[in-house]
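**Q** Chain A is fixed; fit chains B, C and D onto it per the hints.
There are 4 protein chains.
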Amino acid sequence: MNSRDVGMGPTSSSTSPQAIPDVQSSVDNRHIAIQSVGIRSVKYPVLIELKGQKPMPSVAEFEMTVYLPPEQKGTHMSRFIALLEEMQGHALTIASFRAMLRDMLERLDAPSGRVQMKLPYFISKIAPVSGVSSLMDYEITLDGHAKKGSEEIWMTVVVPVTSLCPCSKKISEYGAHNQRSHVTANVRVDNDLDIGLLISSIEQQASCELFGLLKRPDEKYVTERAYDNPKFVEDLVRDVAIVLNKLPEVGAYTVEAENFESIHNHSAYAKIEKL
Amino acid sequence: MNSRDVGMGPTSSSTSPQAIPDVQSSVDNRHIAIQSVGIRSVKYPVLIELKGQKPMPSVAEFEMTVYLPPEQKGTHMSRFIALLEEMQGHALTIASFRAMLRDMLERLDAPSGRVQMKLPYFISKIAPVSGVSSLMDYEITLDGHAKKGSEEIWMTVVVPVTSLCPCSKKISEYGAHNQRSHVTANVRVDNDLDIGLLISSIEQQASCELFGLLKRPDEKYVTERAYDNPKFVEDLVRDVAIVLNKLPEVGAYTVEAENFESIHNHSAYAKIEKL
Amino acid sequence: MNSRDVGMGPTSSSTSPQAIPDVQSSVDNRHIAIQSVGIRSVKYPVLIELKGQKPMPSVAEFEMTVYLPPEQKGTHMSRFIALLEEMQGHALTIASFRAMLRDMLERLDAPSGRVQMKLPYFISKIAPVSGVSSLMDYEITLDGHAKKGSEEIWMTVVVPVTSLCPCSKKISEYGAHNQRSHVTANVRVDNDLDIGLLISSIEQQASCELFGLLKRPDEKYVTERAYDNPKFVEDLVRDVAIVLNKLPEVGAYTVEAENFESIHNHSAYAKIEKL
Amino acid sequence: MNSRDVGMGPTSSSTSPQAIPDVQSSVDNRHIAIQSVGIRSVKYPVLIELKGQKPMPSVAEFEMTVYLPPEQKGTHMSRFIALLEEMQGHALTIASFRAMLRDMLERLDAPSGRVQMKLPYFISKIAPVSGVSSLMDYEITLDGHAKKGSEEIWMTVVVPVTSLCPCSKKISEYGAHNQRSHVTANVRVDNDLDIGLLISSIEQQASCELFGLLKRPDEKYVTERAYDNPKFVEDLVRDVAIVLNKLPEVGAYTVEAENFESIHNHSAYAKIEKL
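Protein chains in written order, with the working numbering: chain A, 1 to 275; chain B, 1 to 275; chain C, 1 to 275; chain D, 1 to 275.
Looking at chain A on its own, in the form it has when it is part of the complex (with noise of 0.2 Å):
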């Protein structure tokens, strides 16, 4: 991330900036208010620090908007990136989400506004038996939603899992077939969150959790633990529901799962929603 001179020389354009007119800043007459109006589909390195594990760099992907009152006619999008530029350096926790989506406001002198971002995320986990550890990558998004004065925080986690089938197990001779699944929980973070226990909270109502190493005595705990849980998309969304309802940390949520079903060229879906 070194700086780099843009090779350019120098520019030939000597109008200076007060010069240059501001149409963004003009009056627009339509009368009509935008809810949301920024930029989307920004990578930006980050370094993110979850509540229970290490500082962790990341690379995310945002989206930021505000709301654009009806007689102003557009936003100053370059002050979206000027925030991800500062902020580099700085690790992300969710106090720091916060305080960001504050300064996205002031910024942009903006009443309210949104900014999404999602990333990978790792964690080590140790084989169950061998006890080789490797690393699991989810698929993390922070969506923070600010008026002025509160700010409302939600955190989406996907869980890749194993799911097997109960009526299969029931009416087969042997066998049963199971795939790979997504738990998608969607939380809303009302206080600061310990996403290993909410991401093994939700491995364990799995018919097994996933790792990335595993060796052969594993491969036989791993088959075997799914044949004794077997689970339905149905059963996933509702054991998942039922350990969201426990942890204090959340408040309202959806809880997704599709299974990627091993039988079909398509998925099982199912979906709670406690709002």
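What the hints contain is simulated information worked out from the structure, not anything from laboratory work. No false leads were slipped in.
Derived DEER-like restraints, expressed as beta-carbon distance ranges:
hint	chain 1	residue 1	chain 2	residue 2	range
1	B	Gln88	C	Arg107	33 to 39 Å
2	A	His90	D	Val27	53 to 59 Å
3	D	Lys274	C	Asp190	29 to 35 Å
Just so it is clear, the structure is predicted and the values come from calculations on it, not from any experiment. We treat Cβ as the ideally placed atom computed from N, Cα and C, and that holds for glycine.
**A** Coordinates of chains B, C and D only, in the frame set by chain A:
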């Protein structure tokens, strides 16, 4: 789409269907309703017939879900596919989409449900000067929410257009940056809707509309037209909102615009909701 | 696909096409040939007719390119679209695809060129016990390389199947992890090829084939069949290679298999090339 | 990336690893070698250090494969992950990537193999007039092919730029359509390569380079610069080829350009191969 013998020979599995336990129908004791359960990422050919256009074959991706009451363990996933199978060969209109929603609730014995289907759609367009014709592709989504006795239908269309930056035009001695943009209108269809009219209404709000095939005189025309009609992403959503407000077939709506900026590696984005 | 008035009114741009300079046809002095130049990500409806199947409407994504000699500044992009436009309403067979390649070389005045088209394709399948029928979707790509006087056609088909892990079965007291897998066969089509036969030949090498619609007796059947036919990703590609070696219509090929592992968050992958 | 107790408690599966059969190592009688077998779509954090830049944390997606001889039934998938695990905390350079390839062959006891890793990469750039700095993201892929005793390393970088159409400029009274384009250079790295130099060399061939953050005087500058430097997709690949020919660190290469046309809903595309 001929049927094909699966070539597995006679099955050794002689159990009669009656004797096979129905796990999904058993009673659930967790007392948690599931708002949506069903299938996702199912591809099926469709023959779609929208107002003002001839029936057109396409390929749709479906998500179909129903409400599952607390006391029922699972839904019957195969009934969704059976419904798709029976629709083969019938033209899909807004009216038959409503009928499909009602049919789904009945088959699944459900009080509410939803069908989303996304498909590529084509409209033949005439180049503005040469008069040559070519197809333009649009992504259309039908989204139907059904409760016993009523259905609400939403239609989403993604309309690719050109946007040319008013600020860039104003401040530069010559030229102006422009780019492809997506205008996405998500409208509640209170009555049937002329899709060609909706799309052309949206396209006329852009700096310029797109065409598959342009001759040189057409290229001159669209270049100059875009330069004559500079629009910010904010202008796009406001001007499309004004047009949607005038269409009597459109109830509530959201309109989004995303400019895949030619001077940045990210998008400018805006959204107006009228609910 | 009705034509639609573009609603732009009479153009003020009255320049005649003859008077507009043709920049692409000017001479280039860099002395660098371009192996491939053309269009990409073009969607067009097609009516595809493959051996052993009825004509089927679908939507294809095209890439069409030609060789550009060193002395020519640019190709004529609009001629590719004109060719697609003229194909509308004609069934696309392997023979007509060859004709399309020759037509492209002629229109673009090029010594060589390539057309790739990818599309969803459907085959109706019969469930193994209940006999209910449903469609399965496959992704098919036709890839034609043309030189003056000859064309070489390759066909790729992605066949989704079930794979069940032999190691997991062997080492576990009960159960075995299984998952959806993609077998991708990319074959040189020396003569026309029965696509139904190619797909079913591949499916029979898997632990089990997939179906859109399965009743409970079918689910019992496919569960037990997969358990009776464990296959590593290595077994999949080897067994498909053996089958492809026996098909007289198939020349060179590559076969790949990707298992979307149910016990990991990554895939197992294998490839055999016979060129 | 703290390790985390998996919370499964002591396993009831007390079988010792030694007693568990090793199916992969058994003998295969089909007499078919597999050119590539391994893992795909594995995400792992990396610390990448390219010539001329500081070490940078990122997240890479890996594909790792080896050759499997005819007589061996399966490879040992877990060894690939073990290798990734041991790389944690070490900076990845071209030299250490070569070492990783050699290590992989040894661990898998394979005569040849390949590692591909794709990751987002960032370079800090200075806006041309205002001098404000911001990050630009690029997608980089390292692709190493190893045989016993030698490795061949290829590096791919996707460089997003602006292209402005020379034909549109020439034939229009005012304006010219322009758009974001991707220039993709895939180069054989005979010696280590200054990534900043490679990227800026490519960017200088475009109508204009991109920046994350531009003030109004910068926007004027890039608008006018693009208008002053019109380039067809053919010009982009030819001019980048000329630059690559002059870089002594670059051996063979392919260069592609894709223009996401602002006047069409498809791309213009060109490719030059020098092998």
